[in-house]
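**Q** Since the structure of chain A is provided, determine the placement of chains B, C and D on it from the hints.
4 protein chains.
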Amino acid sequence: MTISPASPTRMPAFGSDNMAGVSPQILEALAACNGGTARSYGADEVSAQLERRFAELFEREVTVLLVTTGTAANTLCLAAATPPWGAVLCHPLSHIENDECGAPEFFTGGAKLVPVDGPLAKIDPEALLVKARDGKGDVHAVQPACVSITQATELGTLYTPDEVAALGAVCRETGLALHMDGSRFANAVAALGVSPAEMSWKVGVDLLSFGATKNGAMGVEAVLSFDPKRAQELALRRKRGGHLTSKMRFLAAQMEAYLADDLWLANAHHANAMADRLGRGLAEVTGVEVQEGAEANILFCKLPDGMAAALLAAGFYFYADRWAPNVVRLVTSFATTAAEVDLFVAAARDFALSPVGGV
Amino acid sequence: MTISPASPTRMPAFGSDNMAGVSPQILEALAACNGGTARSYGADEVSAQLERRFAELFEREVTVLLVTTGTAANTLCLAAATPPWGAVLCHPLSHIENDECGAPEFFTGGAKLVPVDGPLAKIDPEALLVKARDGKGDVHAVQPACVSITQATELGTLYTPDEVAALGAVCRETGLALHMDGSRFANAVAALGVSPAEMSWKVGVDLLSFGATKNGAMGVEAVLSFDPKRAQELALRRKRGGHLTSKMRFLAAQMEAYLADDLWLANAHHANAMADRLGRGLAEVTGVEVQEGAEANILFCKLPDGMAAALLAAGFYFYADRWAPNVVRLVTSFATTAAEVDLFVAAARDFALSPVGGV
Amino acid sequence: MTISPASPTRMPAFGSDNMAGVSPQILEALAACNGGTARSYGADEVSAQLERRFAELFEREVTVLLVTTGTAANTLCLAAATPPWGAVLCHPLSHIENDECGAPEFFTGGAKLVPVDGPLAKIDPEALLVKARDGKGDVHAVQPACVSITQATELGTLYTPDEVAALGAVCRETGLALHMDGSRFANAVAALGVSPAEMSWKVGVDLLSFGATKNGAMGVEAVLSFDPKRAQELALRRKRGGHLTSKMRFLAAQMEAYLADDLWLANAHHANAMADRLGRGLAEVTGVEVQEGAEANILFCKLPDGMAAALLAAGFYFYADRWAPNVVRLVTSFATTAAEVDLFVAAARDFALSPVGGV
Amino acid sequence: MTISPASPTRMPAFGSDNMAGVSPQILEALAACNGGTARSYGADEVSAQLERRFAELFEREVTVLLVTTGTAANTLCLAAATPPWGAVLCHPLSHIENDECGAPEFFTGGAKLVPVDGPLAKIDPEALLVKARDGKGDVHAVQPACVSITQATELGTLYTPDEVAALGAVCRETGLALHMDGSRFANAVAALGVSPAEMSWKVGVDLLSFGATKNGAMGVEAVLSFDPKRAQELALRRKRGGHLTSKMRFLAAQMEAYLADDLWLANAHHANAMADRLGRGLAEVTGVEVQEGAEANILFCKLPDGMAAALLAAGFYFYADRWAPNVVRLVTSFATTAAEVDLFVAAARDFALSPVGGV
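Chains as they are written, first to last, in my numbering: chain A, 394 to 752; chain B, 394 to 752; chain C, 394 to 752; chain D, 394 to 752.
One chain only, chain A, in its complex shape:
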């Protein structure tokens, strides 16, 4: 369904932050922990260390489970918070609703995802209150059990701490759990200048999918539960889902390096800055409309007729045909360079000046 250039690796690629490679520090950490034997399944010393690291970072005890994909992280959280007859309330644009091939339904044992709308890919708290009460106690209806929000959102927008707190308050009032899909949690925290605690449990988040893969790791995400009572269930669900890695030290080493010296924040700041540079550059190109509200590393733009095709034909890589006509999504990463951004902006400008000849 997507228009794909032949060799995506040569020219700048803005398809997704998961097209980037791995931060050098993380690659080094993998090599560094390779010596000798280590106990498997998370009983190693690197893993033990990591739980302390997260406790410091989040300023409280927290259950930590490493997995290799964001789908796994999200679905474990949702399954721990939602019985099979439950409803997960989420935004209609959310990844769990659109892009997981039904993984949340699988891991929960058949719960239902119920969309709750709101502007800029963010759930509206008043709409949430209505849906959170819908069908409660009626045996014919699925029972609202969990709210899942994405931070940063699928549109690159951000919930402020107050906005999360407002949703958290609805959850407390109606007895629902609050899950945050934080596959781009770093980008959000970096952009907002808040602490991890201020963006999670302090505003009512019960379960956090703490992403690392999109922001420089090779393949590791952390399920964080701020309620220790969920620890055992999460561990069993992880194993049962095939997500308990045997050579766990290599996941732990990635995450350790990701957190050490605030690499995670540095990477996120850089990706955000590149998106900002891209947005400012494109805003000055005639005919390009840059979506407002994006503050992280995702940018949606409406391009003039023909520009998307021309840029793709020139070898740039991005998704162009999933939304409205001429609407494209551009994603930057820790590895995106200013030169790549400028090259793209220049190509867009060239097309705008001379659409017939192309880029």
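Keep in mind the hints are simulated off the structure, nothing from the lab.
Be careful, since some hints might not be right.
[Claimed, not checked] 25 Å max Cα-Cα, derived DSS-like pairs, lysine-lysine:
id, chain 1, residue 1, chain 2, residue 2
1, D, Lys-622, D, Lys-595
2, C, Lys-529, B, Lys-622
3, A, Lys-529, D, Lys-595
These figures come from a predicted structure and were not determined experimentally.
**A** Same frame as chain A, now just chains B, C and D:
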């Protein structure tokens, strides 16, 4: 439940082959593929190359899906071959029956694992024929759908190609699929001196979990289907199970390096040789009974009273309390050295000579 | 959530057709088949006879499975037509989407219900075509597998045979199965004056939930499959879902009596006529707006302020608070009498003439 | 798989107690409650009355949910007591293990049934203690969560209250729930001369499948929970499983009539007496070995060569080929007559005296 030494990494560890690290060639491959961007979810060039590699190795077209854990590989295969009302026939000692926290039941949607016994952890073909017909067409009974065998087995024994062919014949006759849990497929192939094809589809295997993690990879296993009609279902099940890795090139690179220059066979030959050396050494220690039949990299021994505790107290690492009294399991890996083996044998000999003083 | 009178049985009740009792002929059939022993689980003679009866009625071979609830009938059909990673396309007002507590998700193993809109509770074929192609082959998306329509709809409206055929054509074109929730199939067939065949397989229906309970039976519905290849899977799913009744002759006897002498059509004609009488009567009451388009035995009306509460307080029974303000649903059944209808219309008229004093 | 006579209804049938019809009092109750309308889904007056009736019968508050099949009753209980990663400990001969097509696995979301042996189809408490602790807290193992026993057992034997109490004590000690499959609870209570309370919650039973269908009802079973906290989950699971009957008054009426005037005990006493008469009669036939220990309405016998086939050929109906050679199962019901028993015994005697000529 296990007696664990304080620092398992210092002294030789025979707990499991998943306690070993990663082959240097595989670590290098990770670094080598890190440059630039690549399409995610397996649309990269390394992944494309890999399908060809497997086709050559197995001498035919084969569907390849990479995942990060053996549980994932096994359960995807079982789910593709077994409807929710189906039965998976497997040995009572099999990993899928005992050590997956119900993952096969989860991925199949609630199918039933039905034990079929046989000596040396291998399914007996006559017993299989009875169970394969049991309840067929009776709506009150689960319907036999799939046979799963482990090669090398959980006891370190091996099915010969003829033995697999005998089970394969039962499967064909009764309409069942044949799955091979090959988390130690390399050890089996190396020990038997057969080709991958001779140990799989040529003797009736439909689905193969081709392991790499235990034999030198960091975390990658391949689901191989010799029936191309299963490809799409497997791909959807992988995504839905949270096992579709975004930065897939790093799984593909591991597997590519694992297969290149027959590293996989070299690693397996070495691990097998170390187990052989260990077995021969221990067989000469007074009071030690080495289990017969093991030909791969797993060794079960019955030790004299007190020896297991003494060796564990001395810092060696292995599992000692899961089976009969004084029975221990020793597993070697690609990284096990002859010196480690000899150190262990010497410690056992010392204890045998002077049990009171200990090791 | 509903305003319920204390004694619903004294005054006319229009809450649902499942508030009615059982047709005398069906009660008699239960008594008539009670003598002696009979083989259980559907191997009895009454059950055997029934399959022939349905074949005649539908003018072709058809697989018949009896169950006791409409939820069971619908979910078995959906599960047989939809893999766990599939999508069931249905109207946003459909019963399976709103009133089954997630039963379709449970029986399918976690498939997703995807709403497709259209006026009068009927799916629009053009909207269906778009959704039927959505995500096909994309591993990140659930795969459209089945379309489910309700006939008569939840609003009491009807699909004409041509309208069903248009949806059936989309299903054929896109490879989807077409399921009809016919819990009020009799009312639809009676109102439209078509044959069962013309309203099902001749217009593309693959699986039909053929309802009887709402139209005079005690508790029996038939799953009808026009594809004999689904028979065995349906039988296994029925058992596994706990829906294989042991004393099946008593389900078969109900259904036999329901079909004999066209009792099912007579009952449906009567219920429809009562709804028509009710609609015509209420249409003449000042301030009452009767919904257009209803042709079966369900009627939605908008009442003037205060009328619903007054009628409920007077002892009439119906649902009043689930939709927009002052909107009520009135359902008639085979057992509704003209006197009951007239009593209700008269009470409404009295209120309209003198709202203060009430009914 | 079974040898079935052409006309099972003419000659005495001992195939199962579910081959019998319905007690006249229960048929009458169905007719008696047919007048007028009633609220659906259990909100009717007959249903309300029933909860009080059960409270009196069991001498305490109890949650009551009616369903139409024993499979539904058992699986709802197991699902409420067992998480998807849990193990249900049950006897290898139990119905839930052998005859439900995996329904327990389906309703629990993939839990595992783990056999625990013991003589006469009864779980041995010491074996139970071992299995109840097996794998607890080990993330690789399914977690024991529930024990399920059958009373009367599949062999027609009985647990004494003390025997149940011993299992109940193990459950309490290890944190497991105790479920009783009481599809023949009446036969057990009648045979033992104990009260329902003495055979359930007083000896540690948490969840009881209280059967009625096999003992004279048309199709109704009660899920009884002695822990009110399970009520809401059970209600949601029942709906989600398609087991919430709309015209519930007809289930309630059956159960009400079943309990009224101790019809349930009278029916059970009669069935038990018929089995006793049958056993005593057959014990005197040369070559027939009657299984010891049966006290309810099921009898296993070993017949001399050829006798089973001869009796089946003569038109008697029973299961003969599911166990060891020449072993048959004979089941009596509330409707079995002494004449039928005597006819069967006489036929057996005739064959024993003159095997060549047959019956």
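**Q** If you check each hint against the structure, which ones fail?
**A** 3
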